[in-house]
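Asks: Next come the chains, spelled out residue by residue.
Number of protein chains: 4
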Amino acid sequence: MSPLSPDQIVQKMMDHDAFSQWLGIEVQHFGPGTCTIGMTVREEMVNGFFVAHGGITFSLADSAFAFASNSRGLHAVSIETSISHTRPVFPGDILEAKATELQNGKTIARYEVTVTCGKNVVALFKGTVFKKDTLWT
Amino acid sequence: MSPLSPDQIVQKMMDHDAFSQWLGIEVQHFGPGTCTIGMTVREEMVNGFFVAHGGITFSLADSAFAFASNSRGLHAVSIETSISHTRPVFPGDILEAKATELQNGKTIARYEVTVTCGKNVVALFKGTVFKKDTLWT
Amino acid sequence: MSPLSPDQIVQKMMDHDAFSQWLGIEVQHFGPGTCTIGMTVREEMVNGFFVAHGGITFSLADSAFAFASNSRGLHAVSIETSISHTRPVFPGDILEAKATELQNGKTIARYEVTVTCGKNVVALFKGTVFKKDTLWT
Amino acid sequence: MSPLSPDQIVQKMMDHDAFSQWLGIEVQHFGPGTCTIGMTVREEMVNGFFVAHGGITFSLADSAFAFASNSRGLHAVSIETSISHTRPVFPGDILEAKATELQNGKTIARYEVTVTCGKNVVALFKGTVFKKDTLWT
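Protein chains in written order, with my numbering: chain A, 1 to 137; chain B, 1 to 137; chain C, 1 to 137; chain D, 1 to 137.
Hints are not guaranteed to be accurate.
As the list claims (entries may be wrong) - Far from chain D, by Cβ distances over 10 Å, these chain A residues were calculated:
(1) GLY24
(2) HIS75
(3) GLY92
(4) THR116
(5) LYS119
Claimed, not checked - Chain D stretches covered by chain C per the calculated footprint, using a threshold of three residues with CB under 8 Å from any CB of chain C:
(6) 9 to 17
(7) 27 to 34
Please keep in mind that the hints were generated in silico from the structure rather than gathered at the bench. Keep in mind it's a predicted model, so treat the numbers as computed, not measured. Here a beta-carbon is modelled for each residue, glycine too, at the ideal position from N, C-alpha and C.
Produce the complete structure using the sequences and hints provided.
Replies: Structure (structure tokens):
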């Protein structure tokens, strides 16, 4: 099979990603090593403080990170991620996550993802992947 | 109102935590600054690689971290968390997350959460909270 | 005593910072919440691989982070820092560390520091501080 | 050349590690994937707060991490490290850093390093390495 293009890879990943679908993630933009996705926070996503559970913004950022890193063509596996939640997020909020490539090395690549709600940054995410030697086909 | 005990705090947090309920989280054990919770991975929790989305194990660990840090009596807010996914997790896997207190300072406290599936460690999580001056009542 | 200005704070910090002096750090630029500093790597700074010890680039980034976060006027204490070393650094290399403010909250502030050698990024640093209620005077 | 034993690797790394020597690091104990080293803080290691510069405890922990990860026999390169400084450290303090292996995968390995001063934990460090396919000889 021939290698997939970035849009085919992101489409294929999204098609099989049941949890990203549950989150209501929509892909807005992608290119080599970058990706922007969005979702709307629902009431079933809150924690005991009645704000979005930390895992919701993490999951959104983690999906953007996965799409961006795999869009380069090789299978990429998450090694380490970190997130800072900078503002509370509420049901009804429309979130956007933009992944940017910090480094695209031979075996290691690094991305940062900024999650925003309108003009406000709500979370800062950083992730590192290990790139396997197998292509998306 | 009088301050709540650790078990009352965890119960109150869990009662209002819609997302932890969606995840199927069950509290197994808690004490001052510690907490063990569990859940079973379902098919709707997988990503495009047909393994549990990174956000699932993060969310489980983040809940354990939130319960453990708030169980001390003061409202605690997450400042920074990081996670390493060390093994893939599949639908049907029964996960356990154990939060341990690394440091309980006046305004800052730190926890590590180890997520296991049977005898295997599947994720290593570390989190820092800022402790507000308001009590759980 | 009256509060110090950003340049007075950075000057006072640098004057008493014996280790930054040993590193040969020179302050190039600063402003509210930002700072750029530089240094030249020496042979006594290498590790067993004959490249700069990871602690050298960390220390440079950590100083930039400390200067930037304290320049806001309040005493700021490091809570958590992380660093990724993206390229090896050698004796004779001239390094520059630029700290940028990601968030300036009431009690918590976040900074990223990019360490470069010429056009190459050699390290990516992120740090969080807790702001005390005492002013630099 | 034949592969080196853990003690030969640590000895070889330490012999060529000019910065660890400047720090005054002494190797106290090592084994496969673990290492304990110590040092005494000197006045030239303080920052503008008259406490040990954050880079000093980081460097000590980073050396323990490097020795522990390389002692397994393969060349190991740091991918990502993080540190929390939990207590201030002063000139004259005798520090000990103990590296423990969290995971020893085929290409990725993870370590935590606890830095203590007497009975007090002064820093918590976590690091991830990428293992090359070249042996220490």
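Asks: All hints are to be evaluated individually against the structure, with a verdict given for each.
Replies: Going through the hints against the structure:
1. GLY24: For GLY24 (chain A), whose nearest Cβ neighbour in chain D is about 31 Å away, the distance exceeds 10 Å, so it holds.
2. HIS75: Holds: least Cβ distance 13 Å, greater than 10 Å.
3. GLY92: Since the minimum Cβ distance to chain D is about 34 Å, GLY92 (chain A) lies beyond 10 Å and the statement holds.
4. THR116: holds, 25 Å
5. LYS119: Label holds. Min Cβ-Cβ 30 Å, cutoff 10 Å.
6. 9 to 17: holds (count 6)
7. 27 to 34: n = 0 at 8 Å, threshold three: violated.
In this structure, only the earlier hint numbered 7 is contradicted, and the remaining ones agree with it.
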